[in-house]
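Note that the protein sequences, when read in sequence, are chains V and E. Last residue of the first sequence: number 263 in my numbering, and the count goes up by one each step with no gaps. Last residue of the second sequence: number 322 in my numbering, and the count goes up by one each step with no gaps.
No lab work stands behind these hints, which were simulated from the structure alone. All C-beta atoms in this analysis are idealised placements derived from N, C-alpha and C, irrespective of residue type, glycine included. Check before you lean on any hint, since a few could be wrong.
What the hints assert, rightly or not - Derived list of chain V stretches under chain E, where covered just means 3 residues or more per stretch with a C-beta under 8 Å from a C-beta of chain E: (1) 77 to 90; (2) 113 to 125; (3) 214 to 223.
Said to hold, decoys possible - Examples of chain E residues lying across from chain V (beta carbon under 8 Å, computed): (4) Arg189; (5) Asn200; (6) Gly208.
Claimed, not checked - Which residues of chain E face chain V? A few of them, derived with a C-beta cut under 7 Å, are: (7) Ala196; (8) Arg206; (9) Val207; (10) Val267.
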Amino acid sequence: MSVLLEARELVKHYGAVHALRGASFSVDAGEVVALIGDNGAGKSTLVRHLSGVEQPESGQILLNGEPITLGSPTDARVQGIETVYQDLAIAPELDPAANLFLGREIRRKGLLGALGMLDNGAMREKAKVEFDRLGVSLQSMSTPIGSLSGGQRQSIAVARAVAWASKVVFMDEPTAALGVVQRERVLDVIKRVRDTGIGVVLISHNMPEVLSVADRVEVLRLGRRVAEFRAADATIEDLVGAMTGALGDGEAA
Amino acid sequence: MVAKLSKITTVWIALVLVLLCVVFSVINPAAFPTAFNLKTLLVEAAVLLVLSVGMTFVIITAGIDLSVGSVLLFASMCSALAMNSMAGGDSTAAGADVAFVGLLVALVAGAAWGVLNGLLITVAKVPPLIVTLGSFGAALGAAQLAGDGTDVDTVPEGMREWLGFGNTLGIPNMVLVALIVTLLGGWLLTTTRFGRYTFAIGSNPEAARRVGISVTRHLIMVYTLVGLLAGLAGYMSLAQFGATTLSGHTTDNLNAIAGVVLGGTSLFGGVGSIAGTVIGVFIPAVLTRGFIITGVQAYWQPIAVGLVLVAAVWFDQSRRRARNNR
Chain V
11 MSVLLEAREL
21 VKHYGAVHAL
31 RGASFSVDAG
41 EVVALIGDNG
51 AGKSTLVRHL
61 SGVEQPESGQ
71 ILLNGEPITL
81 GSPTDARVQG
91 IETVYQDLAI
101 APELDPAANL
111 FLGREIRRKG
121 LLGALGMLDN
131 GAMREKAKVE
141 FDRLGVSLQS
151 MSTPIGSLSG
161 GQRQSIAVAR
171 AVAWASKVVF
181 MDEPTAALGV
191 VQRERVLDVI
201 KRVRDTGIGV
211 VLISHNMPEV
221 LSVADRVEVL
231 RLGRRVAEFR
241 AADATIEDLV
251 GAMTGALGDG
261 EAA
Chain E
-3 MVAKLSKITT
7 VWIALVLVLL
17 CVVFSVINPA
27 AFPTAFNLKT
37 LLVEAAVLLV
47 LSVGMTFVII
57 TAGIDLSVGS
67 VLLFASMCSA
77 LAMNSMAGGD
87 STAAGADVAF
97 VGLLVALVAG
107 AAWGVLNGLL
117 ITVAKVPPLI
127 VTLGSFGAAL
137 GAAQLAGDGT
147 DVDTVPEGMR
157 EWLGFGNTLG
167 IPNMVLVALI
177 VTLLGGWLLT
187 TTRFGRYTFA
197 IGSNPEAARR
207 VGISVTRHLI
217 MVYTLVGLLA
227 GLAGYMSLAQ
237 FGATTLSGHT
247 TDNLNAIAGV
257 VLGGTSLFGG
267 VGSIAGTVIG
277 VFIPAVLTRG
287 FIITGVQAYW
297 QPIAVGLVLV
307 AAVWFDQSRR
317 RARNNR
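Excised from the complex, chain V in its bound form (with noise of 0.2 Å):
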C-alpha cells in the first residue's frame, strides 16, 4: 500500500516550548492509524499542522508522495483532508443536514439560487444517504442536533468529515465522552470509513479501544515519533512502554 499522507520531521515551538522536534508521521489509504502519547507528546499540536491549522517552522508534509503547503483548513479541505474536533464543532440549533452541510450549502438552481436561496431538500436527501452508509440511525431529520444523544451528535459530526474527504480524515479521541454501545457505534462507522479507502487518524487514550479498531500505531514521545507497531502485533504494555519511555530507543535528546 502506497503512503498517502506523510510528514517529515517537523519543528515547531511555543515560545519556550518545544511541542514538536522533529515529527514523522505516516498514514496510507484505507488503514486506520492510531496515534498516541501521553499528555503533551504533540499529538494535537502534530494532528494541527496536518490539518491546516499551523504549519511548522520546518520539516515536509506530502500528499501522494508531493509537498503540499497547507496554510489554513481550507486548504487541507481542498485537498480532502477532514477533521472531527475533540469538541465536535457542531451547531447545535441546527439539524443534522444543515451541519452536514454547513459552509457547503447546496443552492437552489438558477435565479433562485442566485439570490442565496438553498436547496433544503436536496441537502436532506444526501444527507440521509450519507447517514445509511455510515450506519447512523436517526429518528428525525428536522430535529436541531442539540436534543440528540451524545452518540448521534457525535456520529453527525465523524460523518461530517468523513462526506467531505476524499483522502484523509483525523479524529481527535471521538469517543471520549460515550458510553458502551455509542463507542461501538463510532468505532463501527471509522472501520466503515477506512474500508472506503479513505485514511483514518485516531487519537486515543483508550489503548483497548486502539488495539482493536487500529491497523497500524504510531507512537509519539516529546515531540517525535518513537516507535510504530502493528495493532495484530502489538500489546497493551508494548503500547504504554513506548509512550512512558521504558521500552525502547526512544530517549529525547
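Based on the hints, put chain E in the right spot on chain V.
Only chain E this time, still in chain V's reference frame:
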C-alpha cells in the same frame, strides 16, 4: 418532541396575542375590533417593526444592538438636513427627487453606523453590548450636534402625504413598507444561506469558523443590515411626524429587544423567527391601544409587557435546561 419547541413558544405567544385581542374586543366591542383601530395600531407599530426585523438577525447571532433608536434619529437628522439644504433651507415644497435623495441619505447614514458597530464588535472584539451602548449615546449626540440641539421640522410635504398618511388599496403606506421589510426579512432568514449562517454563528461561532464561514464578514453584514433598517425607520418616522423627534425613540432599542425576545428568539443565539418578532411587537402595541380604549391607565402597559416578557424568557430558559439535561 423537543424539535419544534421554538415554534411552540411562538404558538403560545401568538395565543396570548389573540387572547388580548378577544378580551379587549369583548370589553369594548364598539371601539376595539374596528378597522380604524386596527389601522391606527398598525401605523403606530410600523417603525418599531422595521427596527425589530433587524434586531431579530442580531439577536439570533447572540448579539445585541442598543443603538437602533439613536441611529434612527441620526439617520432622520441627516436626511432632513440634506433635504433642506437641497431645497435652499426649507424643503416643505420640495419634490420627489429631494425626497428620494433624503431616503438614500437616511439609508446610508444608518448603514454606516451599522458598519462601524460591526467593525468594533468583530475586528476590535469589543462586546456588542458595550459597542452599541457607546453608539446609543454617540449617535444621539451626533444627531443633536448636527441639528444644533433642536428638531428639524421642515420635510417635503409630498413625502408626508405619501408615506406618512397615504394609503394604497386601503392599506397605509407606512404599514405596507413595514410589511415588505418583514416579508423580505423572513425570506432572508429562513430560505437563504445568509440566514443559515446567521443561525449557525449564533449557535456555535467556533463551528462556523472551522467549516470556513467568514464569521467576521457575516457579523459586519448583520450589523450593517440592522443599521440600514434603522435608517429606513428614521425616514419613516420623519414622514410620519413631519420632524425629527430628538426626544423620542429613546426606548426604541428596549422595545425592539422586548418584541424580538417575546417572539421566541433566544438571547443566547441560534434560535428565532421573524414571525415570532411580528407577534412580539404587536403584544405591547395591542396592550397600549387596548388600555386606551378600555380606559385603563396607560401606566399599566409597561407593567403588563414586563410580566409577559419575563414569563416568555423563563419559559425559554426552562425548555433549554430540559433539553440540556438529556
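These are the hints, each one checked on the structure:
1. Counting residues of the stretch 77 to 90 of chain V whose beta carbon lies closer than 8 Å to any beta carbon of chain E gives 3, which reaches the threshold of three, so the coverage claim holds.
2. Coverage of the stretch 113 to 125 of chain V by chain E holds. Counting CB-CB distances below 8 Å, 5 residues qualify, and the rule asks for three or more.
3. Figure legend: the stretch 214 to 223 of chain V, annotated as covered by chain E; annotation inconsistent (0 residues with Cβ-Cβ distances under 8 Å, at least 3 required).
4. Hint status for Arg189(E): holds, given a least beta-carbon distance of 5 Å to chain V, under 8 Å.
5. Given hint, Asn200(E) at the interface with chain V, holds; its Cβ is 5 Å from that chain's nearest Cβ, closer than 8 Å.
6. Using the Cβ-Cβ criterion of 8 Å, the hint placing Gly208(E) at the interface with chain V is satisfied: the shortest such distance is roughly 5 Å.
7. Annotation: interface hint on Ala196(E) holds; nearest CB of chain V at approximately 5 Å, less than 7 Å.
8. Nearest Cβ of chain V to the Cβ of Arg206(E): about 5 Å, under the 7 Å cut. The hint holds.
9. Look at Val207(E): its Cβ gets to within about 3 Å of chain V, closer than 7 Å, so that hint holds up.
10. Below 7 Å, beta-carbon pairs count as interface contacts, and Val267(E) has one with chain V at about 5 Å; its hint therefore holds.
Hint 3 from the list above is the single one not met by this structure.
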